[in-house]
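We have chain C; now place chain B onto it with these hints.
Top to bottom, those sequences are chains C and B. Using this note's numbering, read the first sequence as starting at 624 and increasing by one per residue. Using this note's numbering, read the second sequence as starting at 624 and increasing by one per residue.
Quick caveat, the hints were computed from the structure, so don't treat them as lab data. Among the clues, some could well be false.
Note that the list lumps identical chains together, so a pair holds whenever it fits in one copy or between two copies.
Claimed, not checked - Think about it this way: if two alpha-carbon atoms lie no more than 25 Å apart in a straight line, the pair counts; the simulated DMTMM-like pairs of lysine to aspartate or glutamate are:
id, residue 1, residue 2
1, Lys686, Glu823
2, Lys695, Asp910
3, Lys925, Asp832
4, Lys695, Asp909
Model, not experiment: these values are computed from the prediction.
Number of protein chains: 2
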Amino acid sequence: MKLYPAQYLLEVGTKLFTACGAPEEEAAIVASELVEASLMGLDSHGIVRYSQYVDDVFNGQTKPGAPLRVIKESPTTAVVDCGFNFGPVSAARMADIACEKGSRSNMAYVISRNCAHIGRLGSYVQRIAERGMFGFATCNSSKHGHWVVPWGGREGRLATNPLAYAAPTRGIPVVLDMSTSMISEGKVRVLMHQGKPAPEGCIQDASGDPTIDPAVFYGPPRGTIRPFGSELGYKGFGLALLVEIMSGIMAGEAASEEHPYVNGLAIMAINPEAFCGAAQFRDLMDDLCAYITSSPSAPGCKEVAMPGAYDFRIRRERLADGIPVDPSTWQSILDSVHRVGASITDLPLRPQDP
Amino acid sequence: MKLYPAQYLLEVGTKLFTACGAPEEEAAIVASELVEASLMGLDSHGIVRYSQYVDDVFNGQTKPGAPLRVIKESPTTAVVDCGFNFGPVSAARMADIACEKGSRSNMAYVISRNCAHIGRLGSYVQRIAERGMFGFATCNSSKHGHWVVPWGGREGRLATNPLAYAAPTRGIPVVLDMSTSMISEGKVRVLMHQGKPAPEGCIQDASGDPTIDPAVFYGPPRGTIRPFGSELGYKGFGLALLVEIMSGIMAGEAASEEHPYVNGLAIMAINPEAFCGAAQFRDLMDDLCAYITSSPSAPGCKEVAMPGAYDFRIRRERLADGIPVDPSTWQSILDSVHRVGASITDLPLRPQDP
Numbered sequence: 624m625k626l627y628p629a630q631y632l633l634e635v636g637t638k639l640f641t642a643c644g645a646p647e648e649e650a651a652i653v654a655s656e657l658v659e660a661s662l663m664g665l666d667s668h669g670i671v672r673y674s675q676y677v678d679d680v681f682n683g684q685t686k687p688g689a690p691l692r693v694i695k696e697s698p699t700t701a702v703v704d705c706g707f708n709f710g711p712v713s714a715a716r717m718a719d720i721a722c723e724k725g726s727r728s729n730m731a732y733v734i735s736r737n738c739a740h741i742g743r744l745g746s747y748v749q750r751i752a753e754r755g756m757f758g759f760a761t762c763n764s765s766k767h768g769h770w771v772v773p774w775g776g777r778e779g780r781l782a783t784n785p786l787a788y789a790a791p792t793r794g795i796p797v798v799l800d801m802s803t804s805m806i807s808e809g810k811v812r813v814l815m816h817q818g819k820p821a822p823e824g825c826i827q828d829a830s831g832d833p834t835i836d837p838a839v840f841y842g843p844p845r846g847t848i849r850p851f852g853s854e855l856g857y858k859g860f861g862l863a864l865l866v867e868i869m870s871g872i873m874a875g876e877a878a879s880e881e882h883p884y885v886n887g888l889a890i891m892a893i894n895p896e897a898f899c900g901a902a903q904f905r906d907l908m909d910d911l912c913a914y915i916t917s918s919p920s921a922p923g924c925k926e927v928a929m930p931g932a933y934d935f936r937i938r939r940e941r942l943a944d945g946i947p948v949d950p951s952t953w954q955s956i957l958d959s960v961h962r963v964g965a966s967i968t969d970l971p972l973r974p975q976d977p
Numbered sequence: 624m625k626l627y628p629a630q631y632l633l634e635v636g637t638k639l640f641t642a643c644g645a646p647e648e649e650a651a652i653v654a655s656e657l658v659e660a661s662l663m664g665l666d667s668h669g670i671v672r673y674s675q676y677v678d679d680v681f682n683g684q685t686k687p688g689a690p691l692r693v694i695k696e697s698p699t700t701a702v703v704d705c706g707f708n709f710g711p712v713s714a715a716r717m718a719d720i721a722c723e724k725g726s727r728s729n730m731a732y733v734i735s736r737n738c739a740h741i742g743r744l745g746s747y748v749q750r751i752a753e754r755g756m757f758g759f760a761t762c763n764s765s766k767h768g769h770w771v772v773p774w775g776g777r778e779g780r781l782a783t784n785p786l787a788y789a790a791p792t793r794g795i796p797v798v799l800d801m802s803t804s805m806i807s808e809g810k811v812r813v814l815m816h817q818g819k820p821a822p823e824g825c826i827q828d829a830s831g832d833p834t835i836d837p838a839v840f841y842g843p844p845r846g847t848i849r850p851f852g853s854e855l856g857y858k859g860f861g862l863a864l865l866v867e868i869m870s871g872i873m874a875g876e877a878a879s880e881e882h883p884y885v886n887g888l889a890i891m892a893i894n895p896e897a898f899c900g901a902a903q904f905r906d907l908m909d910d911l912c913a914y915i916t917s918s919p920s921a922p923g924c925k926e927v928a929m930p931g932a933y934d935f936r937i938r939r940e941r942l943a944d945g946i947p948v949d950p951s952t953w954q955s956i957l958d959s960v961h962r963v964g965a966s967i968t969d970l971p972l973r974p975q976d977p
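This is chain C alone, in the form it adopts within the complex:
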């Protein structure tokens, strides 16, 4: 595992996606989103996706440089046809539209159509919080991603459907980014490759019986994932439906049908100026953070932390020390660079050993 400076990985990614056909500015957005996820320790949504994003271009799923078109709008709302441009380009632009409308109209809700893989959902609500507003977002997937059963069911009907929110403070924002399932499909795959069992209560076999064996999960016949909440899983199911309604149904996409989109994204911006005022909101958020973290920890627990605090801590460390990248991920990035005919030999920053 070598440590690579974030700036170097950013420049590699920008070259990579520019060579895929993206305008340099858009290539930089894609690279920046993936590097930011890696910086925050969310490696599954980080630069490990460089080669997947390139694959998606080659198989025609992603169309670099495709124009984003607002196909319906009002002072508070917008439906954005993303044209299968890179997901981070679409999502960042949607967050910007939500901010513009939110500042003027106090409330904004922006929804996608034809959107590719957006990466880390939390990033886009964080973008809203950085401009002093409260951001809320949901993200569904088209039918092929329906690994998650409805509560009490045995066939997949929903994706891992994450939701996220972010609120500004006087310091780092509070950012929650959570799936509404017990585990992600990607994590089960990693466990299978490692020869490890899944945690109890997360996955089912094709008959709907619980299993901890990733191989049984992948079948055939293929198994399913349970909604988040263990014995109270009807709540996780209800939240997964909230995500499906807000990001899929509202956009006009039937849940029961296969669609070419990868992620359906809904982003909301709420302007505290219309309520307690932007300055008081930040002060009260600071008060909330202090009050919450003033709880002593329970036996066996290290500390009480606000959502996102741990991620921002890792970000500081990795900004200073570099981002750890395993050799096979690095090789797949080099392969992608070669595949698109780019050259990174002229980049000034070099990876450094730990």
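Only chain B this time, still in chain C's reference frame:
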């Protein structure tokens, strides 16, 4: 346990709250909200609250007939000073304001100050869905209700903070109404009176160690409730914070301080007309319901149902058969009727034995 017709209980409640000083129209709203909760099987939020609501008037916490004042507003937002009128009167009016603004501006967010106990949160989002819009609501409590620990903590910092949403279909709406904690304090109290243990993983003693003994929970020293999610309780904690931010912080109430309000309510209305269109939204909701419930059930599970479906089934049964009321609850209602100097002997409907 006798069965009482809903209409009879509604008339008793209307007399009761009118005698408390509420205008008859407002008394009917309070009674109707509580009877509706009982009809849907949510007895803890139903007519068992008649006597508590009367107590709240006598102790000065609730002020029947107090005017509701919109103290700040924009085309999409409103802050409503509820003046400690009955909570259901305030919440129903807030939902109406959200509907009015939502129909005109596509998005609306209405937040309370000085609000009493609102009853069943799901009722107010249902009101929005009945007018063809998507409703989302959150409800916090002032500091005295902080029974719930932050994830990994041992002191209460949050209330059971429910959230709710409702979406219209061509038939009954989809309605989710869930707390963000493992159990409600009221339920632990009921278990203690029944001499029963609490389920595993729900409550902690004052040192933060798990317990299943309600007596240990009540102490002194008093114990705490865990956020929803079992081993993934950081998600329930994150959702509880979402509720606190949206319904408390946004309203300008410091979480760390004691306030006279009982519930802080935030209600949002989203108009599907601005997105896929109101008619298509209903069609796609029907498609979603059919797709979800087409999953065969897992072994040991009876059926897959949409959130709220079970409650509406009980409602049909209880509308036909009557609402079961135990003798001590009925006696406390009679005591309250006596206390406020009302008479219910002239009411035409009589309770009937099952």
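Hint-by-hint comparison with the structure:
no.	hint	result
1	Lys686 - Glu823	neither (40 Å within a copy, 51 Å between copies)
2	Lys695 - Asp910	between (40 Å within a copy, 23 Å between copies)
3	Lys925 - Asp832	between (35 Å within a copy, 14 Å between copies)
4	Lys695 - Asp909	between (38 Å within a copy, 24 Å between copies)
Going down the numbered hints, you'll see the structure goes against just number 1.
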